[in-house]
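> Each chain, written out:
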Amino acid sequence: MQPTADPGATPVPLTAAQRAAIDVAIAACRDLPGALLPLLHKLQEQLGYVPPASIPPIAKALGLSQADVHGVITFYHDFRTTPPGRHVVKLCRAEACQAMGCQRLEQHVQDRLGITFGQTSADGAVTLEAVYCLGNCALSPALLVDGRLQGRVSKERLDRVLDTCVHDGKEAQR
Amino acid sequence: MTAVKVFVPIDAAARSVGADEVAAAVQAEAKRLGVAIELIRTGSRGMFWLEPLVEVATAAGRVAYGPVTAADVPGLFAAGFLQGGKHPLLHGKTEELAFLKRQQRVTFARVGVVDPRSLRDYEAHGGLRGLRAALAMAPAQIVDEVMTSGLRGRGGAAFPAGIKWKTVAQQPPGQKYVVCNADEGDSGTYSDRMVIEGDPFLLIEGMLIAGLAVGADQGWIYLRSEYPDAEVALMAAIDMARREGLLGKSVLGSGRAFDLHLRRGAGAYICGEETAMLESLEGKRGMVRPKPPLPAIAGLFGKPSLIHNVMSLAAVPTIVEKGGAFHAGLGVGRSKGTLPFQLAGNVKHGGLVEVPFGMTLRELLYDFGGGTASGRPIKAVQVGGPLGAYLPPAKFDTPLDYEAFAQAGGMLGHGGIVVFDDTVDMKAMARYAMEFCAVESCGKCTPCRIGSTRGVEVIDQIAGPGPQVALLRDLCDTMTHASLCAMGGLTPMPVLSALDHFPEDFARGARARG
Ligand SMILES: Cc1cc2nc3c(=O)[nH]c(=O)nc-3n(C[C@H](O)[C@H](O)[C@H](O)COP(=O)(O)O)c2cc1C
Ligand code: SF4
Ligand code: FES
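Sequence lines, in order, name chains E and V.
Be aware that the first sequence starts at 34, since it is given in this note's numbering, and climbs by one per residue.
Be aware that the second sequence starts at 25, since it is given in this note's numbering, and climbs by one per residue.
Each hint should be verified, as a subset may be incorrect.
Straight-line alpha carbon distances no greater than 25 angstroms define the calculated SDA-like cross-link-like pairs of lysine to any residue that follow [stated by the list, open to error]:
{"id": "1", "chain 1": "V", "residue 1": "Lys327", "chain 2": "E", "residue 2": "Ser187"}
{"id": "2", "chain 1": "V", "residue 1": "Lys315", "chain 2": "E", "residue 2": "Pro66"}
{"id": "3", "chain 1": "V", "residue 1": "Lys372", "chain 2": "E", "residue 2": "Ser187"}
{"id": "4", "chain 1": "V", "residue 1": "Lys346", "chain 2": "V", "residue 2": "Ala133"}
By construction, these hints were calculated from the structure, which means they are not laboratory data.
On a predicted model such as this, the values are computed, not experimentally measured, just so you know.
One chain only, chain E, in its complex shape (with noise of 0.2 angstroms):
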């Protein structure tokens, strides 16, 4: 499970770039009907998470309570509400690629990163989520990097997905 945040703890403060992803979001959804789900989604498209703060001026925008926002934040897997790593890592855990021993990956992820579900390396490269079937169940085991499906995933071919997500010229910046 994704660590969910604590209603009643004090947020983190908005950046004013998440600010304005917020206005970007709710601009772009407010007058759909049952504009919550689409909102959330562009704004986890543009931050890579929900931030807790960013619950209050959703909720007033949309005229609901924040309890209410917080219910569905919390009720989808999708969401999440700590910031990922640079890459996100959705490995399939569903019947079909069990078969295809998917939970040999599970262990290689956590023997060469130290991770399991729901956790970010130590070097903030790579967020390891578990997903439920993503449609390749033929060419199982199946995983997701960055949006981008794999299939027939052996450990190489892991390790390559691990390899570029790691050394993605960005490790320094830490």
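Dock chain V with the ligands against chain E, hints included.
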């Protein structure tokens, strides 16, 4: 000399094993050699063990090469593949491949054949005939054809479509919706994805016809977020349909309006359940609604809504074009038409098999699937997604029809078939079924929310027959009978089928994974 047509799939699964790299290599090599080609990106033919599958249009028809890597491409040109030349990767004429030839593709007739980004290509291959026919019919006539067809919902519950159409059509005029369930959450299924990526206008046409029949001028599509490529494909098709006057204020100049909204899910399996999907479309948590009211009477935003799976809607254009009787003439018993089965998991020839209902599971697994990918014996298959039963080889002669499957203690669901070899630990699979239910439960009712977590704990304590097994059966009984929806209600199906058919796997304690 005219350019030779070369086809490379743009389907997400084909791309996941290098189709884009192959397409780029084909372009580059053609340029280097100075030969004229027309590269067309299509959907997938659904023979995934051959992906990336490259086809070339020759005088004798399309021929297939696969699985092709970018490194193979210069060799293919050298072997004269643009004329269908001999090469170790050549399989001959695509249509003659046994895997395709034995199928009866109705819904999938165009998938892998046409350019999904061209409405013109869609029409050139028989598209829009159903819609044109529907525009000349009275709404009640369209509903009658769907009734006659015997079409049952392909999303899992197999409810007769005609009855829903009639109910929505009979609601007083006013705002109504057609809602397409493209949440395709079941492991082992990808037919919705393949149609959306490979023939998106088919879905649009099906929704348009449904709108005409029930009096809805808006359609909503709920597409899972796990399908980014499908979203791009569908958005592009909707944009083109608007530009070409297929969608909008006057559909094909008829004066009747219809437009589509595309919404992305957010990674919740339960949002495939139709009422949870409606909540999600309304921007709320995906909590299951009690029924009644039926969505056909009070659905999306409280308005009458015709909700269907992608495959159900994709069957509609043919039903209207060729008549309900054509559809009813395929299949067996009360299972009419064809079902696009999806072979998945540990299977040698994984892919899409569209056949009329009635073939046996064994034929599908061996004649099409060719047994396991690992070469080991098949121990179990799960049919119908994560809420479907695990079946042992003794049940493989069950005919693939809804009633026969129910009788065998299973369900066909959305037609996904996941194959496991003899290394699978069925107790671990039973445990996973409970765990999945715990992760994905909407939390509205106790048997499902608490029962699933309890189920994991109980299974962990099982080491042979005894009180823990009895406890598990009790728990499953409660979940089956006291859950509000099929999430909690059917999770016992994989659990108990594993227990009943593979008791030996429950005879020992936890096994090391790996
Ligand atoms: C837990 C659960 C998940 C479901 N997931 C899906 C799904 O992903 N896609 C789908 O079409 N139907 C799904 N269904 C079935 C829908 O509730 C509904 O029956 C279907 O969308 C109706 O369309 P149809 O008549 O064309 O099958 C699910 C049902 C349950 C209980
Ligand atoms: S059975 Fe589970 S998913 Fe269905 S309503 Fe109850 S808690 Fe929600
Ligand atoms: S089960 Fe992993 S892609 Fe479908």
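> Run every hint past the structure and note whether it holds.
Each hint, compared with the structure:
{"no.": "1", "hint": "V/Lys327 / E/Ser187", "in the structure": "48 angstroms, violated"}
{"no.": "2", "hint": "V/Lys315 / E/Pro66", "in the structure": "23 angstroms, holds"}
{"no.": "3", "hint": "V/Lys372 / E/Ser187", "in the structure": "16 angstroms, holds"}
{"no.": "4", "hint": "V/Lys346 / V/Ala133", "in the structure": "14 angstroms, holds"}
When held up to the earlier numbered hints, the structure conflicts with hint 1 and nothing else.
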